[in-house]
Amino acid sequence: MSEMQGNVPEFTVSEISGAVKATLEGRFGRVRVRGEVTELKRYPSGHVYLSLKDEGGKIAAVVWRGSVSRLGLAPENGVEVIATGKITAYGERSSYQLVIDRLEYAGAGAMLARIEALRARLAEEGLFEEARKRGLPMLPEWVGVITSPQGAVLHDIRTTIARRFARNILLWPVPVQGEGAAARIAAAIAGMDRLERKPDVLIVARGGGSLEDLMAFNDEAVIRAVAACSIPVISAVGHETDTTLIDHVSDRRAPTPTAAAELAVPMRLALVSDLAHRAARLGHGLQRVAQVARLRLSRAAGGLPDLPGMVGIARQVLDDRGHRLSLSLPALVAERRGQLMERRHRLAGALPPLLARARARLLAVERRVASPHLAIAQRRGALAVASGGLTSAGRAPLREARLRLGLRVLPRAPLEALLRERRAVLDGLGARLESASYEAVLGRGYALVRDAAGHAVGSAAGLRVGERLELVFADGARDVQVLGKTAQGELGL
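Counting along the sequence shown from 1, when you hit position 475 you're at 475 in the numbering used here, and nothing is skipped either side.
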């Protein structure tokens, strides 16, 4: 038993682990492993841990932080890839793993499946809807171009724009394939949108290539950058038969870079021809409008009366009326003068008899009234008799005397009411007269100014220095003398 144990070599754990590691790394060295990505984990340290599996097995893999940016594609669960790296052992856990430094899709089928899955997910978000797409400007002043500075793409775009209608071109150079190309393209689109002077239209272009070469334009970051851009975007990626996801989200899709330049800039000769055609149509239209207006004016003028003829007729009528008036006025004056003379003669013949009849009526009145003095004496006597009988007989004889004298007799009560009414009216008029008198104004603190002649003075303009005046107050008068003008230009007393 001891002999058997002495024939079996003895190793330490570290020796076994090191031997296994050396065997794996020496036997396999650098390998390419095909499998489906699963158990993907990203750690805060920047390392990425995952597993590759197929129908018969699974192998653990790791991507160190320094290799993540150089992988070529971002690993995703469920995507079949070809991982390039080396096999190594991890002695502390008695396990082995694949250290990956490059990833690529495992054939066109895997890439197409990934593209289709991304397309379906973005379509559900509405990024490909036609309602989001914007129209292109008719004649842009600046055309932005995102493409590689090398190659024929940029040359084709420049020559096409110069041939059709020379415009300003703003180039943002980017790599269009390989590691980091998608991130650079997305950053360029966002950078164009942040410029102070943005391009009027943006072309994202590259030449043809394999599906793997065009994968940068199927990247989700690029698609979302185009969707968020406020500038109308024209995609021109690959040849006419190539289709990438950027074609679905862009506002226009061009089959080639040359076609993209033709979409962005119109043909100058076509614009000039179109303007000439429109100008000709506009001129013909204006001529037709003018002809129709002239025809309507002619018809309207035909329906109007002959104004010069009407004015001429009116002038003839006016001249005729003036001539007839000049002839009829002297005749009318002569006729009126004859009528006046006739009436004068008739009045002269009828006036003496009329005067005689008036004198006769006057003599008859004089005979009836012998003398005015006698009539007055008779009235006074009757009044004395009536007054004397008033003390003995009361008011009745006075009433009879008034009746004999022909005076109006009023009842006592209406007479007293009439007196009260007249007294009230008189009191009111007296109050109004008192309020309007200048003595009432003087009583409110004013003074009346009179000159030496006693006339009221209403203005200082006519007064002279040294002139004597009289100030009349409510309680008396005082003499004053004009001394001169005050600071405000008025005379001082």
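Mixed in with the good hints, there may be bad ones.
Within a straight-line C-alpha distance of at most 25 Å, the following computed BS3-like cross-link-like pairs (lysine-lysine) qualify [stated by the list, open to error]: (1) K86 with K133; (2) K41 with K53; (3) K86 with K21; (4) K133 with K198; (5) K41 with K58.
Restraint ranges, calculated between C-beta atoms of paired labels, are given here [as the list claims (entries may be wrong)]: (6) H155 with R294: 32 to 42 Å; (7) L286 with G309: 28 to 38 Å; (8) V272 with H155: 38 to 48 Å; (9) H239 with Q287: 25 to 35 Å; (10) P137 with G285: 57 to 67 Å; (11) S148 with A106: 22 to 32 Å; (12) F165 with H239: 23 to 33 Å; (13) A280 with Q150: 44 to 54 Å; (14) V317 with Q287: 40 to 50 Å.
If you're looking for bench data, these hints aren't it; they were derived computationally from the structure. Computed from a predicted model, the values in this text were never measured in an experiment. The beta-carbon is built from N, C-alpha and C at its ideal position, and this holds for glycine as well.
Quick rundown of the hints versus the structure:
Between K86 and K133 the CA atoms are separated by roughly 47 Å; this puts the pair beyond 25 Å, and the hint is violated. For the given pair, K41 sits about 15 Å from K53 by alpha-carbon distance, which is consistent with the 25 Å threshold. Taking the CA atoms of K86 and K21, the gap is near 11 Å; set against the 25 Å cutoff, the hint holds. Between K133 and K198 the alpha-carbon distance is near 18 Å, which keeps this suggested pair within the 25 Å criterion.
Between K41 and K58 the alpha-carbon distance is near 16 Å, which keeps this suggested pair within the 25 Å criterion. A hinted range of 32 to 42 Å is violated for the C-beta pair H155 and R294, which are about 59 Å apart. Restraint check, L286 to G309: a C-beta distance of roughly 36 Å satisfies the suggested window 28 to 38 Å. Taking 38 to 48 Å as the suggested C-beta distance range, the pair V272 and H155 does not conform, at roughly 26 Å.
Between H239 and Q287 the Cβ separation comes to about 52 Å, which falls outside the hinted range of 25 to 35 Å. Checked against the hint of 57 to 67 Å, the C-beta distance between P137 and G285 comes to roughly 28 Å, which is inconsistent with it. Evaluation of the 22 to 32 Å hint for S148 and A106 yields a pass: the beta carbon distance comes to about 27 Å. For F165 paired with H239, a C-beta distance near 26 Å keeps the hint of 23 to 33 Å intact.
Between A280 and Q150 the beta carbons are some 47 Å apart, a value that agrees with the proposed interval 44 to 54 Å. At roughly 46 Å, the beta carbons of V317 and Q287 sit within the given window of 40 to 50 Å.
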